[in-house]
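Peer 1: What follows is the residue order along each chain.
Number of protein chains: 2
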Amino acid sequence: MKLKKSPLAPRSFPKLPPLPGAALAARACGVKYRGRNDVCLIAFDPGTTIAGVLTRSKTASAAVDWCRAALRGGRARAVLVNSGNANAFTGKAGSNSVDRVVKTTAAALKCKAGEVFVASTGVIGEPLPDARITSALKRLSADLAADNWKAAARAIMTTDTYPKGATRSAMIGKQQVTLNGIAKGSGMIAPDMATMLAFVATDAKVPQALLQRLLAQAADASFNCITVDGDTSTSDTLLLAATGKAKHPRLAAGLALGDPLLRDFRRALGDLLRDLAQQVVRDGEGAQKFVTIAVRGGASGRAARRIGLAVANSPLVKTAIAGEDANWGRIVMAVGKSGEKADRDRLSISIGGVEVARNGQVVAGYDEAPVAEHMKGREIDIAVDVGVGRGRATVWTCDLTHGYIDINADYRS
Amino acid sequence: MKLKKSPLAPRSFPKLPPLPGAALAARACGVKYRGRNDVCLIAFDPGTTIAGVLTRSKTASAAVDWCRAALRGGRARAVLVNSGNANAFTGKAGSNSVDRVVKTTAAALKCKAGEVFVASTGVIGEPLPDARITSALKRLSADLAADNWKAAARAIMTTDTYPKGATRSAMIGKQQVTLNGIAKGSGMIAPDMATMLAFVATDAKVPQALLQRLLAQAADASFNCITVDGDTSTSDTLLLAATGKAKHPRLAAGLALGDPLLRDFRRALGDLLRDLAQQVVRDGEGAQKFVTIAVRGGASGRAARRIGLAVANSPLVKTAIAGEDANWGRIVMAVGKSGEKADRDRLSISIGGVEVARNGQVVAGYDEAPVAEHMKGREIDIAVDVGVGRGRATVWTCDLTHGYIDINADYRS
Chain A
483 MKLKKSPLAP
493 RSFPKLPPLP
503 GAALAARACG
513 VKYRGRNDVC
523 LIAFDPGTTI
533 AGVLTRSKTA
543 SAAVDWCRAA
553 LRGGRARAVL
563 VNSGNANAFT
573 GKAGSNSVDR
583 VVKTTAAALK
593 CKAGEVFVAS
603 TGVIGEPLPD
613 ARITSALKRL
623 SADLAADNWK
633 AAARAIMTTD
643 TYPKGATRSA
653 MIGKQQVTLN
663 GIAKGSGMIA
673 PDMATMLAFV
683 ATDAKVPQAL
693 LQRLLAQAAD
703 ASFNCITVDG
713 DTSTSDTLLL
723 AATGKAKHPR
733 LAAGLALGDP
743 LLRDFRRALG
753 DLLRDLAQQV
763 VRDGEGAQKF
773 VTIAVRGGAS
783 GRAARRIGLA
793 VANSPLVKTA
803 IAGEDANWGR
813 IVMAVGKSGE
823 KADRDRLSIS
833 IGGVEVARNG
843 QVVAGYDEAP
853 VAEHMKGREI
863 DIAVDVGVGR
873 GRATVWTCDL
883 THGYIDINAD
893 YRS
Chain B
483 MKLKKSPLAP
493 RSFPKLPPLP
503 GAALAARACG
513 VKYRGRNDVC
523 LIAFDPGTTI
533 AGVLTRSKTA
543 SAAVDWCRAA
553 LRGGRARAVL
563 VNSGNANAFT
573 GKAGSNSVDR
583 VVKTTAAALK
593 CKAGEVFVAS
603 TGVIGEPLPD
613 ARITSALKRL
623 SADLAADNWK
633 AAARAIMTTD
643 TYPKGATRSA
653 MIGKQQVTLN
663 GIAKGSGMIA
673 PDMATMLAFV
683 ATDAKVPQAL
693 LQRLLAQAAD
703 ASFNCITVDG
713 DTSTSDTLLL
723 AATGKAKHPR
733 LAAGLALGDP
743 LLRDFRRALG
753 DLLRDLAQQV
763 VRDGEGAQKF
773 VTIAVRGGAS
783 GRAARRIGLA
793 VANSPLVKTA
803 IAGEDANWGR
813 IVMAVGKSGE
823 KADRDRLSIS
833 IGGVEVARNG
843 QVVAGYDEAP
853 VAEHMKGREI
863 DIAVDVGVGR
873 GRATVWTCDL
883 THGYIDINAD
893 YRS
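Protein chains in written order, with this note's numbering: chain A, 483 to 895; chain B, 483 to 895.
Any given hint could turn out to be false.
Intra- or inter-copy, both count: the list cannot distinguish identical chains.
[Unchecked claim] Here are the simulated lysine to aspartate or glutamate pairs, EDC-like style, with alpha carbons at most 20 Å apart:
1. Lys574 x Asp827
2. Lys858 x Asp888
3. Lys729 x Asp527
4. Lys574 x Asp825
5. Lys574 x Glu608
6. Lys594 x Asp547
7. Lys592 x Asp527
8. Lys594 x Asp527
9. Lys823 x Asp547
10. Lys594 x Asp629
11. Lys487 x Asp757
12. Lys729 x Asp741
13. Lys858 x Asp547
14. Lys487 x Asp888
15. Lys487 x Glu861
Bear in mind the hints are in silico, worked out from the structure with no lab data behind them.
Keep in mind that this is a model prediction, so the values were computed, not measured.
Only chain A is shown next, with the shape it has when bound in the complex (with noise of 0.2 Å):
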């Protein structure tokens, strides 16, 4: 099956500026697909720092069980990835796989095990021919460049319908930072399970301690909020390397994420995860529509972003959203499932910024036509006051179509 670029992409790839300390290569492995690249390598200067957001699925994939490991020595060289295969649920064969491309690759970059990362999206229970990998890392080392970031955003994909990069820089002090990232993932890759991954790299100098935690915090407001159809995947991994070239005021590991010096970084980083995070949600399978769900009144942020998810994945709200349908009633019975404190009779409901209903009750001469209109468009406004706290999440979902049917069902593996 031949899938069409999604009518929710962007218009093109971003231009992504060399970054200094970062070099990649993409080649053609042939792990799974024929003539087409399916493996990278993104190269790290020495002395570059890493952290990481994995998933929290009970049965993760070998190579997430390695890079969480590796993370605990907080330094990177390499990051490898396959498309094609998984390499999760492959048992022990699975991790052998994993230390010889884990080994193979530091070689080829002369560095240690521990500073290899490695990420597999594809096929799962199918064990990874490795040797096609690790028989290419000699021409991929000599292939690194620093304008590969398209050829290595294009080699990761699987059932994505576009490539998938963001660029953003931010001032430290009075020097100027890059950051790169790229991504993939469209909601669960036929014919089998989805995987989100994204690397994304600055050349900042930050502390892997304080990496981590600007990391998490991102990764809670952008990765964390997007839903296609609240599968997780065994693979998901976000990393995040900084080669420390820039010459910037020294950031103490100890530093407060609140400390004026990280707040144009953090606002980068938030808005380039942001960005890749709602490219994944618009290449969803068979999504139409790209929704933004902004819930306040929540007794905390943390309810409020369950409140968001609670709509954003609930199928009667997607499908009424490809219905074109203003079904302010779904709403009501996802916020109430949720689980977090809601006040029924205090409840509000906007769509397109438009007040739908009140004090848990339709607006009095509500007019439908504006909303009728706005749910014909491709981008859908819902607003939720659950009337409690001061909690505030937005959370970006897409459609439920006949689309995701036909590339989850019809598809035969």
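Fit chain B to the given chain A structure using the hints.
Peer 2: Leaving out everything else, chain B in the frame of chain A:
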């Protein structure tokens, strides 16, 4: 949109015998639908105890609020149910409607308001035209008869494609008692929200506190083990009334659920609720396959149920079943995302009785042919051993098909 009868429907509505102490009536009141019964009254003789399990939704309807309060009294003389309008998210007007309906019913049956239970299902956010109901109460009371179970089951339908009923008998000591029940629900109800309603009566004489414990336990292994789309209605209501007409040994309020005197009654109640619950799943919107997911090896029974529901609610698992694809990788994914403890390397999965994966890997020489054949049937059996402890649970669901999208997206309210 005229809905075709589900291919998973039982052959016919069972013959429900008269139940001493209970009488029913149904009428066409024009709450919303034309030309069909849409209100039903179930009346009980004095001395009837009642237990209930109500939606956990934080945006529950006014009727649910009323029932929760009335259950504290523990006595029932009437259950009044309407379809066509859920009286949910209707603010103060909604609870005023409930008050009027309750008062009129109490007057008609010469009982206390606190002995009247109500339930509403249908469109939400619209005021309940309660005068159409209250004005029919005299005629409803006059029509009360012991053999109206099927008419009552029909009157509470919304987008259900068939009426749902079940009957069982049980021995308490040397006395036979009867249990009759009716239910409605088919996932969430287009164009609004779904509701699962079930009303069960027995002629056994059971003190309220014991009845509540019996019902909670049986609901946990039946209605709390089904899912169509993971969405929770604001109005879900399950009531169990005991008229006390049967002459059996006295049951003390504090009797242990494990007491031999209760054994057969518990079996019958569990069996009846499971039957009704499965009938709801078999009428799931767009359902083409009935799916049983048996989980064992969980850290506890509760953990096993959560794992089962994670599998049952996964859009990827449900679409794979719709596509007749024995995609066990998606089952692994869903187990992993449940958040419950699972041992990836001891996980085993069987489909249609054939072991597909064992100890975290596909079984050696796995032959997909018999599994693929099983996937073509109407009844799909999935068994998962998560390899952690001794907890077990079985849950039931249906597949996710184009029919679900048709009903919920393409049908405009």
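Peer 1: Run every hint past the structure and note whether it holds.
Peer 2: The hints, checked one at a time:
no. : hint            : in the structure
1   : Lys574 x Asp827 : between (55 Å within a copy, 9 Å between copies)
2   : Lys858 x Asp888 : between (22 Å within a copy, 18 Å between copies)
3   : Lys729 x Asp527 : within (15 Å within a copy, 86 Å between copies)
4   : Lys574 x Asp825 : between (51 Å within a copy, 14 Å between copies)
5   : Lys574 x Glu608 : within (12 Å within a copy, 59 Å between copies)
6   : Lys594 x Asp547 : within (17 Å within a copy, 63 Å between copies)
7   : Lys592 x Asp527 : within (11 Å within a copy, 86 Å between copies)
8   : Lys594 x Asp527 : within (13 Å within a copy, 81 Å between copies)
9   : Lys823 x Asp547 : between (36 Å within a copy, 16 Å between copies)
10  : Lys594 x Asp629 : neither (25 Å within a copy, 80 Å between copies)
11  : Lys487 x Asp757 : within (18 Å within a copy, 46 Å between copies)
12  : Lys729 x Asp741 : within (18 Å within a copy, 77 Å between copies)
13  : Lys858 x Asp547 : neither (44 Å within a copy, 36 Å between copies)
14  : Lys487 x Asp888 : within (15 Å within a copy, 24 Å between copies)
15  : Lys487 x Glu861 : within (17 Å within a copy, 36 Å between copies)
Consistency with the previously given hints fails for numbers 10 and 13, ordered from lowest to highest.
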